[in-house]
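With the hints as constraints, model all of the structure from the sequences given.
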Amino acid sequence: MDRNIQKEFEEKLIRTIGQGFSLRWETDSKGVVTGWCRLDDHSRITNVAMIVSGLGGRVITITAYKTKDVHQRDIHEIAYHFDLDGCTCTVTIEIPRNSGKVNSITPILKSADWTERELQELYGIKVVGHPNPKRLFLDETIDEGIMNKLIPLSVAMNGATSKTLWEKVFAATSKEVDTK
Amino acid sequence: MSTYTIPVGPLHVALEEPMYFRVQVEGETVVGLDITAGYVHRGMESLVMQRNIYQNITLTERLCSLCSNNHPCTYCMALEKIAGIEVPERAQYLRVIADEIKRIASNLFNAGILAHIIGFDSLFMHVMEIREIVQDTKETIYGNRMDLAVNCIGGVRYDLSDEKIKYIRKQIDRLKKPLEEIIDIYMNNKFVRARTEGVGVLPKEEAVRYGVVGPVARGSGIDYDVRVKSPYAAYDKIKVNVHVENGSDVRARAIVRLREIQEAVNIIELCLKELPDGPTCIDHLPEIPAGEAIAKSEAPRGELIYYLRTNGSDKPERLKWRVPTYMNWEALNVMMPGNKVADIPLIITSIDPCISCTER
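Protein chains in written order, with numbering that gives the first Met the number 0: chain A, 0 to 179; chain B, 0 to 359.
One or more of the hints may lead you astray.
As the list claims (entries may be wrong) - Chain A side only, calculated, beta carbon under 10 Å to chain B, not exhaustive:
1) W24
2) W35
3) V58
4) Y64
5) T66
6) H70
7) Q71
8) H80
9) G85
10) R96
11) R134
12) L135
13) L137
To be verified - List of simulated lysine-lysine pairs, DSSO-like, C-alpha gap at most 27 Å:
14) A:K29 <-> B:K176
15) B:K228 <-> B:K203
16) B:K236 <-> A:K67
17) B:K165 <-> B:K314
18) B:K176 <-> B:K165
19) B:K80 <-> A:K65
20) B:K80 <-> B:K339
21) A:K125 <-> A:K65
22) A:K67 <-> A:K11
23) A:K67 <-> A:K29
24) B:K272 <-> A:K29
25) B:K176 <-> B:K189
26) A:K29 <-> A:K65
27) B:K189 <-> A:K29
28) A:K109 <-> B:K228
29) A:K67 <-> B:K314
30) A:K6 <-> B:K80
31) B:K165 <-> A:K109
Because the hints were derived from the structure by calculation, they are not lab data. All C-beta atoms in this analysis are idealised placements derived from N, C-alpha and C, irrespective of residue type, glycine included.
Shown next, in the form of structure tokens:
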């Protein structure tokens, strides 16, 4: 008999966290099933990771993003994309505005390692309990949460490549002044 | 025995892109590894949120060169899911043909680099010469040797006339015999075997734990291919034979990639034979409503995923993608220890790393 991994996931989820979640499954025209789940309590994400681990699943990736809450205030949400034998299940949590922290699932699912480090440095969300929380891509001198800001190119490049341009601009300006 | 830490990279003759490895060695045996990334980080995930939905088709194609077609294709699939667009059947086949042509060129490139690293330069040149057949095909059909620019929302931007179909068939035929010859060399030549067999071993249970994907996973006995597990484009109509090796070493990963070239040849032939008539794209410029979607594809290096959130405006609220190489780096911590210093570049190459993809 074919295994129904979606059903197993849903049953384990009810057994572990009761009613504190919403879940729906979508099937596309090719028969591929995708799951969309939202947890009421963000700390339950470690329970979900344990369920995924128990089912032989893995973390495909994790997306952090800024959005608005019901009061139109900026908040962070994190979408965990798990693979359950070819079925992608996205589990979303909201990070409380006053904490900016989330528990690491890397000790449970090793496949979350790099992606948790990346969201920490890009969005400034503290991942608590990560076994190797050092910077992944960005240098230590760059502020955390860099994805929350718009950095003009001239600032990002620190004027390095535009020096020649500005020398020409200044030279031209000073000539104009001299002429006057 | 003395323990040393030796730097490999960020610029290294055997690596095509920058990555820094601090390798701990005892004598000439590797005992530990530390990876430092970030030398070509471009902040593209931030950039896509400053550009509109259509501009991002062009931008995502420029993430990487070897798997460039998979990015816009998967991004378009995510948009199509949100907007509920049904892609014409002919376009679905044409997407598969473009993807598989790119797969052949990408895998041959890695096979060639492997030969170069083990000092078998005549094989390297031979493989690159065979690859030219594919490069010529891309140039003739798509007008470009790397970025094909074939994808648009709701289909593709190219079509195949009878004359072009005949040309692709001829080019594919030219590949078959040389492919068999080089596969025989990679599998049986005693010098190639001596350098690749039992080197950089990633046992199956570790491959599962690290969540590795693509030929790295299939070389360690994991039977997982997105084209079969979560079919997209025309892969639900075409049989894909997934090649799995149990050697778990550099040789196994190379054989998987070479076998996948042969499979790509079969898939292209099948697509050309069964190519349905009809339009190649939808006939209007669609509006993308608010929503979220997941799209996945099997790039030459493995599973590629795009997660897209839209808010009804012409810019994405968030676009996140995870490239296959991203998952394979950490597994080097398992592959490296116990091997010799001379094998370091070879083991790194065996994951077919794409650094511009990893760092975005």
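Okay, the hints, checked on the actual structure:
{"no.": "1", "hint": "W24", "in the structure": "12 Å, violated"}
{"no.": "2", "hint": "W35", "in the structure": "8 Å, holds"}
{"no.": "3", "hint": "V58", "in the structure": "6 Å, holds"}
{"no.": "4", "hint": "Y64", "in the structure": "4 Å, holds"}
{"no.": "5", "hint": "T66", "in the structure": "7 Å, holds"}
{"no.": "6", "hint": "H70", "in the structure": "17 Å, violated"}
{"no.": "7", "hint": "Q71", "in the structure": "13 Å, violated"}
{"no.": "8", "hint": "H80", "in the structure": "6 Å, holds"}
{"no.": "9", "hint": "G85", "in the structure": "3 Å, holds"}
{"no.": "10", "hint": "R96", "in the structure": "19 Å, violated"}
{"no.": "11", "hint": "R134", "in the structure": "8 Å, holds"}
{"no.": "12", "hint": "L135", "in the structure": "6 Å, holds"}
{"no.": "13", "hint": "L137", "in the structure": "6 Å, holds"}
{"no.": "14", "hint": "A:K29 <-> B:K176", "in the structure": "35 Å, violated"}
{"no.": "15", "hint": "B:K228 <-> B:K203", "in the structure": "19 Å, holds"}
{"no.": "16", "hint": "B:K236 <-> A:K67", "in the structure": "42 Å, violated"}
{"no.": "17", "hint": "B:K165 <-> B:K314", "in the structure": "41 Å, violated"}
{"no.": "18", "hint": "B:K176 <-> B:K165", "in the structure": "19 Å, holds"}
{"no.": "19", "hint": "B:K80 <-> A:K65", "in the structure": "22 Å, holds"}
{"no.": "20", "hint": "B:K80 <-> B:K339", "in the structure": "48 Å, violated"}
{"no.": "21", "hint": "A:K125 <-> A:K65", "in the structure": "15 Å, holds"}
{"no.": "22", "hint": "A:K67 <-> A:K11", "in the structure": "31 Å, violated"}
{"no.": "23", "hint": "A:K67 <-> A:K29", "in the structure": "33 Å, violated"}
{"no.": "24", "hint": "B:K272 <-> A:K29", "in the structure": "21 Å, holds"}
{"no.": "25", "hint": "B:K176 <-> B:K189", "in the structure": "21 Å, holds"}
{"no.": "26", "hint": "A:K29 <-> A:K65", "in the structure": "32 Å, violated"}
{"no.": "27", "hint": "B:K189 <-> A:K29", "in the structure": "45 Å, violated"}
{"no.": "28", "hint": "A:K109 <-> B:K228", "in the structure": "22 Å, holds"}
{"no.": "29", "hint": "A:K67 <-> B:K314", "in the structure": "16 Å, holds"}
{"no.": "30", "hint": "A:K6 <-> B:K80", "in the structure": "24 Å, holds"}
{"no.": "31", "hint": "B:K165 <-> A:K109", "in the structure": "48 Å, violated"}
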